[in-house]
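Trainee: Chains as they are written, first to last, in the UniProt record's numbering: chain A, 1 to 330; chain B, 1 to 330; chain C, 1 to 330; chain D, 1 to 330.
Worth flagging that the hints you see were computed from the coordinates, not collected in a lab.
Since the structure is predicted, the reported quantities are computational estimates derived from the model, not experimental observations.
Be careful, since some hints might not be right.
Note: identical chains are not told apart, hence a pair may lie in one copy or across any two.
For lysine to aspartate or glutamate, the following EDC-like pairs were computed, each having C-alpha atoms within a straight-line distance of at most 20 Å [to be verified]: (1) Lys166 with Asp223; (2) Lys263 with Asp323; (3) Lys250 with Glu222; (4) Lys286 with Asp200; (5) Lys150 with Glu234; (6) Lys220 with Glu10; (7) Lys286 with Glu222; (8) Lys263 with Glu109; (9) Lys2 with Asp133; (10) Lys165 with Glu197; (11) Lys166 with Glu197; (12) Lys106 with Asp68; (13) Lys9 with Glu310; (14) Lys106 with Asp207; (15) Lys9 with Asp119; (16) Lys250 with Glu109; (17) Lys166 with Glu213; (18) Lys165 with Glu213; (19) Lys305 with Glu213; (20) Lys77 with Glu33; (21) Lys136 with Asp207; (22) Lys150 with Asp119; (23) Lys220 with Asp68; (24) Lys258 with Asp92.
4 protein chains.
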Amino acid sequence: MKVNFNTDKEFDIIAIGRACIDLNAVEYNRPMEETMTFSKYVGGSPANIAIGSAKLGLKAGFIGKLADDQHGRFIEKYMREAGIDTTNFVVDQEGHKTGLAFTEIKSPEECSILMYRQDVADLYLTPAEVNEDYIKRSKVLLISGTALSKSPSREAVIKAVSLAKKNDIKVIFELDYRPYSWENQEETAVYYSLVAEQSDVVIGTRDEYDALENRTTEGKNEDTVNYLFMHSPELVVIKHGVEGSYAYTKSGKTFRGKAYKTKVLKTFGAGDSYASAFLFALISGKDIETALKYGSASASIVVSKHSSSEAMPTVEEIEALIDKNETISV
Amino acid sequence: MKVNFNTDKEFDIIAIGRACIDLNAVEYNRPMEETMTFSKYVGGSPANIAIGSAKLGLKAGFIGKLADDQHGRFIEKYMREAGIDTTNFVVDQEGHKTGLAFTEIKSPEECSILMYRQDVADLYLTPAEVNEDYIKRSKVLLISGTALSKSPSREAVIKAVSLAKKNDIKVIFELDYRPYSWENQEETAVYYSLVAEQSDVVIGTRDEYDALENRTTEGKNEDTVNYLFMHSPELVVIKHGVEGSYAYTKSGKTFRGKAYKTKVLKTFGAGDSYASAFLFALISGKDIETALKYGSASASIVVSKHSSSEAMPTVEEIEALIDKNETISV
Amino acid sequence: MKVNFNTDKEFDIIAIGRACIDLNAVEYNRPMEETMTFSKYVGGSPANIAIGSAKLGLKAGFIGKLADDQHGRFIEKYMREAGIDTTNFVVDQEGHKTGLAFTEIKSPEECSILMYRQDVADLYLTPAEVNEDYIKRSKVLLISGTALSKSPSREAVIKAVSLAKKNDIKVIFELDYRPYSWENQEETAVYYSLVAEQSDVVIGTRDEYDALENRTTEGKNEDTVNYLFMHSPELVVIKHGVEGSYAYTKSGKTFRGKAYKTKVLKTFGAGDSYASAFLFALISGKDIETALKYGSASASIVVSKHSSSEAMPTVEEIEALIDKNETISV
Amino acid sequence: MKVNFNTDKEFDIIAIGRACIDLNAVEYNRPMEETMTFSKYVGGSPANIAIGSAKLGLKAGFIGKLADDQHGRFIEKYMREAGIDTTNFVVDQEGHKTGLAFTEIKSPEECSILMYRQDVADLYLTPAEVNEDYIKRSKVLLISGTALSKSPSREAVIKAVSLAKKNDIKVIFELDYRPYSWENQEETAVYYSLVAEQSDVVIGTRDEYDALENRTTEGKNEDTVNYLFMHSPELVVIKHGVEGSYAYTKSGKTFRGKAYKTKVLKTFGAGDSYASAFLFALISGKDIETALKYGSASASIVVSKHSSSEAMPTVEEIEALIDKNETISV
């Protein structure tokens, strides 16, 4: 079973939201207090997904706002050199900074991130800076949930969704829920449900759907999909970590993807690599079951490596892992 | 032609949004600098509509947030004594104040308002304070546009709309556009179009629809209704001041209401009295053409009087004016 | 014993700080919820002191910032017509509003004020708007404590004090402590002690000196004056309500003023009328003991009347009350 | 000529203000866009001065606020291990972050810093967190100007100065002017002059004194010292870069220090290393002329090395450079 995309579009995917800097511990397996050197990478969920899908061969574009400084310029250059169209990046004129994420890897089980997200440039993208003609050129608009966390980025995304729907562009919503970005969970639930109801495909972890539904205890996938299929979505992907992921279709089908065995270095980047490979497969015309395998394999590869964006795998690496077929049984 | 409402509901209408204080010049026909005394009234568009429709006989309720002070308590008492259910007013616990509007009447043509809307209590209504069980008890949820201007009131209203739709309660959107309440017109357009697309009935002036459509020049009614009828609305009312108002139905009908001759004292309160009488007629089962007459007559009566809320007319007054049939030809 | 002032100055007193609007209950001896009409007066401690001292015959000027609206223009006109030089009022260009005080008079013992002080124009006076040449033209610079509560007004006042000291202008500090204007009492104490240490005369209630000293329990006058006389002050006035007031001099003298019997209508305005008459007497060359009588008599007159600014007494009224000599014994 | 310090104190110097993180380019002599690795150091002017003077043998303490995260804990540990008393660090409980400074070294002449100073923990130190008993234990309280840039850190510093003066502790004011930390130069001038007038020793560059005096063109040292000597200062140091520095005493003496020849790697850290060595010499009882040499020599050493804090020289290194006596003639 496949999802159909418009075939006469210049871009496969245009992502909207943050593009930031990751500062990864060079010396790891220790507390960050003892890390004295950090390596710089591009980061941020939608930027990682754009980079990952470009590496797999999709034609990707990006809508975002960058700080007018060395970090902002580095991001633009890196993404451009990764083959992404960066013409719709806007350079902030009000002194906002690039978001930062210092990663700490104490052990594969104990990873944490020290975020700098105070007044960051990406959250200052305005509705006026979202260009209808650009969105019209793509098969897919990829929304990342964190871009909904603050005005005016929130309104820029709501406008982008409205323009995509008006022009029959598929809206894919990666929930990407970061609690520290939000005032409170009530507010998250209002905007997550608003955008999810208008999306064609929704991707997230079980926890993220619980935030969308404003739950304090774990909800059931069945309730989630019953609710979402009353609105626009035709495909809902719910991830359960090492237990694998489920894809539900509006027509009533359920598919399960299993996680692949790997040597975990850290947990960062799993979601972004999953999304980029899953979407690559879907947009390339593969069926949903295969797309789930692509997502799982890509995630397994990235968690075994040091960075998120740089570590994004190639099609060959993904297919090699799928062929080995060593899945995790839970 | 009529609009059908659910008949087995306890409330005819529940309004959500601001309830404030008007301070009306006792000595008028002069600049406010020379006014030394002010009379206190309840004000604010949704509060006025609730008061006006209660006076006409509808069973009304209200969802809002009040300052924990003398002004807040006055508003609750006044509305309760006007027959409105005030059980869903929340009292602010964070020291926010009641919004104020000092009215200046230099002449019937020169009226202005000096607003105090800085951090006012009504804009601090949260999504958690909006009660699904309450909304389910009403035929109609009335949304006032100003409540969308700031968080968390914005999210409270978006949630209320979502709950109304989920429970098949008709959503009526009075645009009530106050530019000073908003960051910029881009933001207004994002939220106005978002909520209008989900409403069943939309009421506003031509200017207000231009704000909704993010236009800087006057748009055409035809374009507006073509756009809105692609979404939820079934009835769109566009007001053109003394030229009268137009009601458009999704089924393709257009009705025109004319303005009634009156001795204008001031222009405040025209929109709220129009909405309350129009909605009273509609909910009472009168046809759209009659409802337009009710709206126009009620507006004509209120602009001839000193206050907005206190001056709301009775059915008898409205029908007497309609019977005189002295409309304005433009 | 007298305080010596520079005699060759054009102005007797220049006050700096807020000039606002009082909205006094027309129907009183009841809760404000039942008051339906309000009378408009100029208010705010330094404005009241300027008005009161101008009425007594002093040549007064004012440094402040006014809203660019009807309330701002009313204040400027009223003060100008009261004989005050208003050339150093700056008109706010950023949409800030005039501060408001709704007064509630339930009984002479139960008075309260409902304040609107959110982002008010007076607190936006900047250091660049304080003019050295203007301050140099006065015998006295009167500082009101509330102007220290927020930036940039805080810095404007600190600069004004610095300019006054540089030019040998006497600095008189009326503590005027309004807890709701401040972040917390720690911050109040920092700025109150900073400015008091640099002032020549300090006037306040015992409670206000406790705030200056960051005390949670009542301090002793002796400790207060011992502390202040280690710095610039030469005269410290501490008011104890109906028990009267004490004036302490750096040279070691103590004077006591008693309160006069009166029929109290409300308590508002007592402090401002006290300060204006006390300072009038002092600047007119009367001795400290007489100045204390002037202050007490003026306060007794104002608390028997409806407003604060309008009710400021004349020299004849004050002297008549002093002559009656009916003081309160506690 | 010497400055006299209280000899019976436990601490030589207690600094107050920021302690942050420097992220120094590992690959330098290029734009930061091309730097892929950064080394972590403790930074921030007062922290650097404390570290530098501890390395020279002074007993130092610190008053500041640290983020409750890995960066905050690293700073505390590093400074503690450098011999500084860290018992008066307060750990922020409100989620504020550690300030960051990414350094870019394009060439010795082209260095820049990319700052992260948005809502940083150090600026949230409150007056209540400044401990009089702690300040009393030191010969010197070192104030760094940046700590005055925002409330509540501003009030914490003003209180610390007041406590130092009350207890006869010498106040040394390092101007450390960072324009991006301030609202505008008017505000800077208000607080810089306020604190400078109350200090015993003031140290800064000519540019920094221009900011203190609210000048837009370069002022004359003579005017600066004439102004400051009307108030508390007894010693004023004005630095002129490679032209050397001047020390002026209230008694009328002027001393000049020359800059030492060095191979400049970058310009960061020059001011902090100057201050730490100058103060070490002064507090150790050396005369002012010698102290100027210490300051210059220390600055010359630090600008030839990669970091600021780690690179702080020993007494032996400083004296060796002084002995070589290769000064720059301008």
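Trainee: Now, for every hint given, state plainly whether the structure supports it.
Mentor: Verification of the supplied hints:
{"no.": "1", "hint": "Lys166 with Asp223", "result": "between (29 Å within a copy, 15 Å between copies)"}
{"no.": "2", "hint": "Lys263 with Asp323", "result": "within (17 Å within a copy, 59 Å between copies)"}
{"no.": "3", "hint": "Lys250 with Glu222", "result": "within (12 Å within a copy, 35 Å between copies)"}
{"no.": "4", "hint": "Lys286 with Asp200", "result": "within (17 Å within a copy, 41 Å between copies)"}
{"no.": "5", "hint": "Lys150 with Glu234", "result": "neither (28 Å within a copy, 33 Å between copies)"}
{"no.": "6", "hint": "Lys220 with Glu10", "result": "neither (39 Å within a copy, 34 Å between copies)"}
{"no.": "7", "hint": "Lys286 with Glu222", "result": "neither (25 Å within a copy, 44 Å between copies)"}
{"no.": "8", "hint": "Lys263 with Glu109", "result": "within (12 Å within a copy, 47 Å between copies)"}
{"no.": "9", "hint": "Lys2 with Asp133", "result": "neither (27 Å within a copy, 40 Å between copies)"}
{"no.": "10", "hint": "Lys165 with Glu197", "result": "both (12 Å within a copy, 13 Å between copies)"}
{"no.": "11", "hint": "Lys166 with Glu197", "result": "both (15 Å within a copy, 12 Å between copies)"}
{"no.": "12", "hint": "Lys106 with Asp68", "result": "between (33 Å within a copy, 18 Å between copies)"}
{"no.": "13", "hint": "Lys9 with Glu310", "result": "neither (27 Å within a copy, 56 Å between copies)"}
{"no.": "14", "hint": "Lys106 with Asp207", "result": "neither (23 Å within a copy, 46 Å between copies)"}
{"no.": "15", "hint": "Lys9 with Asp119", "result": "neither (35 Å within a copy, 44 Å between copies)"}
{"no.": "16", "hint": "Lys250 with Glu109", "result": "neither (36 Å within a copy, 58 Å between copies)"}
{"no.": "17", "hint": "Lys166 with Glu213", "result": "between (26 Å within a copy, 14 Å between copies)"}
{"no.": "18", "hint": "Lys165 with Glu213", "result": "between (23 Å within a copy, 16 Å between copies)"}
{"no.": "19", "hint": "Lys305 with Glu213", "result": "neither (33 Å within a copy, 48 Å between copies)"}
{"no.": "20", "hint": "Lys77 with Glu33", "result": "between (31 Å within a copy, 9 Å between copies)"}
{"no.": "21", "hint": "Lys136 with Asp207", "result": "neither (32 Å within a copy, 29 Å between copies)"}
{"no.": "22", "hint": "Lys150 with Asp119", "result": "both (10 Å within a copy, 17 Å between copies)"}
{"no.": "23", "hint": "Lys220 with Asp68", "result": "neither (45 Å within a copy, 36 Å between copies)"}
{"no.": "24", "hint": "Lys258 with Asp92", "result": "neither (42 Å within a copy, 43 Å between copies)"}
Checked against the numbered hints listed earlier, the structure breaks hints 5, 6, 7, 9, 13, 14, 15, 16, 19, 21, 23 and 24; every other hint is satisfied.
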